[in-house]
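Trainee: Model the full assembly from the supplied sequences, consistent with the hints where possible.
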Amino acid sequence: MVDRSAIGRSFTPVTAHVEPGRLRYFCETIGERNPIYRDAQAARAEGYSAIPMPPTYLFCLEMMDAENPFEFLTELDIDLARVLHGEQGFTYYVPAVVGDTLTFRSRVTDVTDKKGGAMTLIAVVTEVTRQDGIHLADMTRTIVVRNPKAA
Amino acid sequence: MNVTQAASRSVGDRVIHKAFAPITRHTLALYCGASGDHNPIHVDLDFAKKAGFPDVFTHGMLVMAYLGQALTDAVRPKDIRAFSTRFAAITQLGARLTCEGHVTELIDHNGEPCMKIALVAKDGAGEAKLLGEAIVAR
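Chains A and B supply the protein sequences, listed in that same order. Per the numbering used here, residue 1 is the first one in the first sequence, and the count goes up by one each step. Per the numbering used here, residue 152 is the first one in the second sequence, and the count goes up by one each step.
Hints in this document: simulated from the structure, not taken from any laboratory. What you are looking at is a predicted structure, and each value in this text was computed from that prediction instead of being measured. Some clues are possibly wrong.
[Unchecked claim] Mimicking PhoX-like on lysine-lysine, the simulated pairs with C-alpha atoms at most 25 Å apart in a straight line are:
(1) Lys273/B / Lys169/B
(2) Lys115/A / Lys201/B
(3) Lys149/A / Lys114/A
(4) Lys201/B / Lys149/A
[Said to hold, decoys possible] One side of the interface only, derived from the structure: several residues of chain A facing chain B at Cβ under 7 Å:
(5) Thr29
(6) Ala81
(7) Phe90
For every residue, glycine included, the Cβ atom is placed at its ideal position computed from N, Cα and C.
Mentor: The following block contains the structure:
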């Protein structure tokens, strides 16, 4: 079971390129029709240098381009089948756009037991930076682990 | 609803309301590929059953993507300073989601005039699946 000794653990940084084709596929999948996410001209009219991405897409980029998207779970010896997503947050400083290369650096910031040890909540913060070093955004997530019942 | 209207709303106004098509296995398969979240629990019935679930279920982040879409239909994406959700309940196959948001507070956020919007994604029975909040410049 994960305990508080995991706090501070960091994981292999992930570098992702914001590719137009994959972004288009994401927009198709969620039924996103807003022209600023699909048409470079519409994006430029709104003041972007290129097509921006929908608000949750940063989360996807990190998983898509990770060598092992579940590294965090394997490193902490957590069974994927026992994991639920508890909370997710984004704080945006500068918009990311198509053509950017982003680096994601994640670390564990908290571990808490709930319901007498039946569940463990793990908080992870991910800092997102652009190729020129600009800090674009932060992501926070809470993962819920359903612990096996003690024998 | 257009951006100008949303930005000029005051506390209590419902600024976001969008309904989505029912979630199918096909939606989940597409989202698995589109999002990079290949956790089999959302697409592989055998895996889901072994993990103790009666069926596959929706990626929480797909519902958050719908909530984000409803949000950016109503406000300029570049005005969003923060967007967060709590995944309150599992979203089952077939769920017809509606995403709503209303202004709860006009605030000063890091020296910038902003509004706080409370967000919810509900299924057809009215059960809240995601409860969230956005901070948006006004």
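Trainee: Next step is simple, just say for each hint if it's right about the structure.
Mentor: Comparing the hints with the structure gives:
no., hint, in the structure
1, Lys273/B / Lys169/B, "holds (11 Å)"
2, Lys115/A / Lys201/B, "holds (23 Å)"
3, Lys149/A / Lys114/A, "holds (13 Å)"
4, Lys201/B / Lys149/A, "holds (16 Å)"
5, Thr29, "holds (4 Å)"
6, Ala81, "holds (4 Å)"
7, Phe90, "holds (5 Å)"
When the structure is compared with the earlier hints, no violation turns up for any of them.
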